[in-house]
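Enquirer: For reference, the chains in residue letters:
There are 2 protein chains.
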Amino acid sequence: MRRRAEGLYDGEIADGWDIGGNANGGYAIALAARAMADAVGRPPLSLTAHYLSPGRPGPVEIDVDVLRSGRRMATVAATMRSPEADVLALLGTFADQTPGGPSAIDGTPPELPPIDECVLAAPPLESGFHHRVRSSLRPVDAGFRAGRPSGSAEIHGWFELPDDQPIDAFGLLMATDAFAPVVFNRSEFPVGWSPTLELTVHVRGVPAPGPLRCRFFSRFIENGMFDESGEIWDSAGALVAHSRQLALVPRG
Amino acid sequence: MRRRAEGLYDGEIADGWDIGGNANGGYAIALAARAMADAVGRPPLSLTAHYLSPGRPGPVEIDVDVLRSGRRMATVAATMRSPEADVLALLGTFADQTPGGPSAIDGTPPELPPIDECVLAAPPLESGFHHRVRSSLRPVDAGFRAGRPSGSAEIHGWFELPDDQPIDAFGLLMATDAFAPVVFNRSEFPVGWSPTLELTVHVRGVPAPGPLRCRFFSRFIENGMFDESGEIWDSAGALVAHSRQLALVPRG
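Residue numbers (our numbering), protein chains in the order written: chain A, 1 to 252; chain B, 253 to 504.
There's no promise every hint is true.
As the list claims (entries may be wrong) - Sample of chain A residues with no beta-carbon within 12 Å of chain B, all distances over it, derived:
hint	residue
1	Glu6
2	Glu12
3	Arg68
4	Glu117
5	Val191
6	Trp193
7	Ser235
8	Arg251
As the list claims (entries may be wrong) - Stretches of chain B that chain A covers, calculated by requiring three or more beta carbons in the stretch to come under 8 Å of a beta carbon on chain A:
hint	region
9	254 to 263
10	323 to 335
Hints were generated in silico from the structure; no laboratory data involved.
Each residue gets a CB set at the ideal place from its N, CA and C atoms; glycine is no exception.
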């Protein structure tokens, strides 16, 4: 990601960040967010992306519009474009985390088996997105891949970057879209294309080192759509990201 | 709201839609959403707003940018400006609801006392936002107004428009921001200004006639911020809107 001019950045959807030829959504969002963050000198705090068309490996341009830049918070809009089409529209508030103050957390990190007893989202030698990040599913949530959906619209698992790279706010954006759609675990739906319309991520903290515990679930499947909420917890037990998306149920 | 030119609308934050002089956020969002919907001929499906500055009664201009307009969905960005300052930045997907398909709902409408046993958010003869919409709180959730917070970061209540006006997608946008911040019911926080940074609403259905049952709650209060999730259920028991916001805890 390179700044070409005020508000204009060049990026590259790298080979190997795709799933079946389409760039992973979280990866594309993280790439755009880096340009937005560069323009205001702050990481993402709340970021919404709407998907306009699938991203393909190759060059992209990110058009960044700083709408407001205050002492603590900045509001930024952006569009990511490939030579063929607009890929993403984004709107977010960017700010550093300010730790402290009263805390009240209703929830706990998901209980997970050790990583080596979980099921890697893709075999380690395969190329593509799941070679670049490691998402490891709780075995009960991975049965959909063998035609045995759990029956519950949820997926729990671990998220890591290769070589123990630390995970920052941009890594958190990737984590929120690094697992399969939770509706794959409901037998009403085929395991097929399930396009996300919109994803919003609240970055709630700076992760402590170590793999992240992730919980994704849907509560409202109706009228051809479903919500998917995500909670990302760090190794110290803190909630560090909270995501929600609206997606279309797969039609097979 | 009147179209002045392609992509440019004139609106008016009417007197009486304010809370202490600032326009209610949901009202301002609904006003902007009407302009966005007019530009693409479809109601909001998923809409995100970031607050740039408080809206005051008076004229506003809404700048609408149609990013993509497909057969079924359209993606639209907008900015609402007053003569003094930018008020709101918005990004959304607009589409008609398409009822049908498999449905799986994990949740039920909140159990509420009859409306006349609930506590109106404002006395009926007062002017201002709560005179134009009727939000009626479950009594246990209204104690914060008398210095007796319930201790639980939640508020349940009824939402209606005056004179039994039907509630459409724009009414749903208003409903998601028509109650007090749920952290008022936690004794750690004063009842004071609690600015919303970002609100995202998923419109999930067309409400059946009658008052709406609303549930708002926060699960993650930390680092000076809190999430607030909202569920809006219609009189037939269907979930018709699902909101989430990120806000700053009040500092007194």
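Enquirer: All the hints need checking, so say for each whether the structure fits it.
Expert: Against the structure, the hints:
1. Glu6: Non-interface label stands for Glu6 of chain A: nearest chain B Cβ at 19 Å, farther than 12 Å.
2. Glu12: Correct as stated: the minimum Cβ-Cβ distance to chain B is 22 Å, above 12 Å.
3. Arg68: violated (5 Å)
4. Glu117: holds (27 Å)
5. Val191: Since the minimum Cβ distance to chain B is about 15 Å, Val191 of chain A lies beyond 12 Å and the statement holds.
6. Trp193: The assertion about Trp193 of chain A holds, with a minimum of 15 Å to chain B.
7. Ser235: Label holds. Min Cβ-Cβ 17 Å, cutoff 12 Å.
8. Arg251: Since the minimum Cβ distance to chain B is about 9 Å, Arg251 of chain A lies within 12 Å and the statement is violated.
9. 254 to 263: Violated - the region 254 to 263 of chain B has 0 residues with a Cβ nearer than 8 Å to chain A, which falls short of three.
10. 323 to 335: holds (count 4)
Checked against the numbered hints above, the structure violates hints 3, 8 and 9; every other hint is satisfied.
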